[in-house]
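J.: Based on these hints, arrange chains B and C on the given structure of chain A.
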Amino acid sequence: MKRTVARLLTVLGLLLLIAGCTTVKPWDRDLLAQKRMSFNPTPMLQAIDEHIYFSKEASMGGIGVGGGGCGCN
Amino acid sequence: MAGPPEKRPTVVRDALHTAALALLLVPATVQAADSEAGDKIDLTWLQYGEQSRTRIAEPVVRFTHLMPDGQSFSAQLGIDIITGASPTGALPSGQVQTHTTPSGRVVTSPPGQIPTAPFQDHRLSLDADWKRPLGRLVITTLGGHVSREKDYQSLGANGEVSVDVWHRMMTLTAGGSINHDSVFPVGGTPAGLSDGTILHSSANAKRVGNIFFGASRILSRKWMAGVTGSRTFESGYLTEPYKLVSVMNDNGQPISELTDKRPSIRNRTSLLFSSVYHLTDDVLYNSYRYYTDSWKVRSHTLEIRYRHQLDTDTYIEPLLRFYTQSAASFYTVGLHDGAPLPDFASSDYRLGRLQTITLGATYGFAFDDNPGNWVVRAEYIRQAGDSSPPGAVGIQRGFDLAPPVNIYAIVVGYTFKY
Amino acid sequence: MASPCSVLVDTDERDEAEALLAIAEMEVRRIEEKFSRYRRGNVVDGINRSDGVPVEVDPETALLIEYAAACYRMSGGMFDITSGALRRVWKFDGSSRVPGPTAVRECLRHVGWQRVEWTNPVLTLPRGMEIDLGGIGKEYAVDRAAARISERTRSSFVVNFGGDLYVSGTRRGGRTWGVGIDDPDRAGESALIRLDVTSGGIATSGDARRFVTWRGKRLGHILNPRTGWPIEGAPRSVTVAGPTCIEAGTLSTLAYLQGSGARSYLEQQAVQFWIV
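Protein chains in written order, with the working numbering: chain A, 1 to 73; chain B, 74 to 491; chain C, 492 to 767.
Hints listed in this document are in silico derivations from the structure and should not be mistaken for laboratory results.
Watch out, some of these pointers could steer you wrong.
Calculated cross-link-like contacts (lysine-lysine; reagent style DSS-like; alpha-carbon spacing at most 25 Å) [said to hold, decoys possible]: (1) A:Lys-35 with B:Lys-223; (2) A:Lys-35 with B:Lys-295; (3) C:Lys-708 with C:Lys-582; (4) B:Lys-490 with A:Lys-35; (5) C:Lys-525 with B:Lys-113.
The model shown is predicted, which means the values in this text are computed figures rather than measured ones.
Only chain A is shown next, with the shape it has when bound in the complex (with noise of 0.2 Å):
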């Protein structure tokens, strides 16, 4: 079963990857170049939550780690 679900996400996440081949132009990227058009454009509160939610709970990351441990879990 666990196995199961993480081909199936491995597939999704490729399938997202290669889907869809048109190249959007450099002039229709204005909407892209806004700062808050960003997986991270708040990364002092991201890194906030992400210690709060680390001796939370058992789970770790998803983001690139770049901190650093602590006693807390």
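T.: Leaving out everything else, chains B and C in the frame of chain A:
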């Protein structure tokens, strides 16, 4: 014969040419003075509180120096001031229970309630990183981390490379980190699954290695999405030295306590899907993370944020997060008196079955006469587990073994560029 | 800049092209950071918040203001960098919302370069007024980026920021660069007119992207600073060629400001132009 003044058309073209020449012949030195370099300071303060439990105050200051060629250096100092109480892992009893903390304090727990132990700690952390673009398509980052608290020390280094490919439609990222941590419990290291006999007073090593790969791409003019997969390998002392596991009799009454014991290896895997979608004016952020590890914990995290821009510097962003996890293989409500001891056991609720739900909002704003940007975030987090799990027997069936915990977290941040 | 930007270089060296693009990008960002009216804390923002207090500007800003002042004189007051204040009552979002005459009149009290005191390098902007260098900023950025690229290469190149461009010279083999002018009704699709350009600047003024519909008429976003209303009778799109991008841009704006007289105005200037 005087012609009409400036308004005669043919004069304009020549006058413009003269004016343009004057404008464009700016000496190179004039421009070099105001190139793009700059410094930035980020200040944040977290105020965190759990109902009747832990309270944390955490100020952080970060300084960034950006150079004209795109390189940047950053240094961050953070302080955590932690006080409060947290569950020991022991079960509630029909009578009053007493417990001695590692620092020697004696604490009493009322009947029927989960025993908690008070604690107090300060943590100091220092982070530095160096980001360097190589050409237009590649960015490399190197970072280091040092932190120290009363019973824990962490030293780490991390690195990351990201490359833009396919007409800059896709970004591939790869990175990793290594951490060398040290755990030195107050009062010495107790033996696992024992009555607390101290084995030694020296530090225990814990090594953590992590690698991750990510790919993100533009799906349309308004939409970008990405996937990141990461693997973490932990080895060494992974036990929580202050946590306890109760031993109960046939009636569910706890009669003694043993120390927590966890495996010395933990391998984690996570897969994160993220999406950023631009609506007419607002932006929708979604992410889903699937996590599993060698302790058999599995979790799903779903987060949704909606950013509504009010004007150039002002926005409001509500957020919603759902989290659910399944218990570790050695998680137990309590051991049974007389039964053989398992290899590993822990009653730490954070390794049990639990769900967390977060409701929050972020408000970003700025003051007219002030060049900095402010941000305020308020979150309400509610964590709940199995009130009466299958392992609860006898009198334990009458107790709420995982009452919901209400948590608030308020962050205030200020960013200033100069 | 909120416009697509590109640099074309006639070379076989990919590294050279990448390096030149990086230079152009840095220069454009520098200019945008410095002169955009949307960035808080920059030069223009400081001037717009000065609240009547005299501001001493740096040499580059002074040169731009001198240029804007010269354009004001040459156009009989029609080209006016203080007309940005009219943005407070005009929102060009494609709808038919149009401000009333009282609102426009009230706003006009804060418009007019004649109300500004400019003694190089000190600028005194009365309270409530603002300057907007958006009308010349883009073309200026094109010329500046082109200048930086010229310092580094002999290859022929084109710097193009959203339709305002500069061509440095002919390509290898004497061939010319091909430039297309958009059909204003179908922005982004195939070009209406194709030009072959040997060298110089080309700029376009028009209503393709920002406009308001009123009584069936399409009103472009360039406002007459005297009346406070968009120019009526202006052509959909005016493209002008000149020795530099900024000259081309200023002429196309000045022509557009003539409304229905755009064509005859440009004919009298004896410049190359295309009106759609």
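J.: Next step is simple, just say for each hint if it's right about the structure.
T.: Comparing the hints with the structure gives:
no. : hint                     : result
1   : A:Lys-35 with B:Lys-223  : violated, 39 Å
2   : A:Lys-35 with B:Lys-295  : holds, 13 Å
3   : C:Lys-708 with C:Lys-582 : holds, 16 Å
4   : B:Lys-490 with A:Lys-35  : holds, 16 Å
5   : C:Lys-525 with B:Lys-113 : holds, 17 Å
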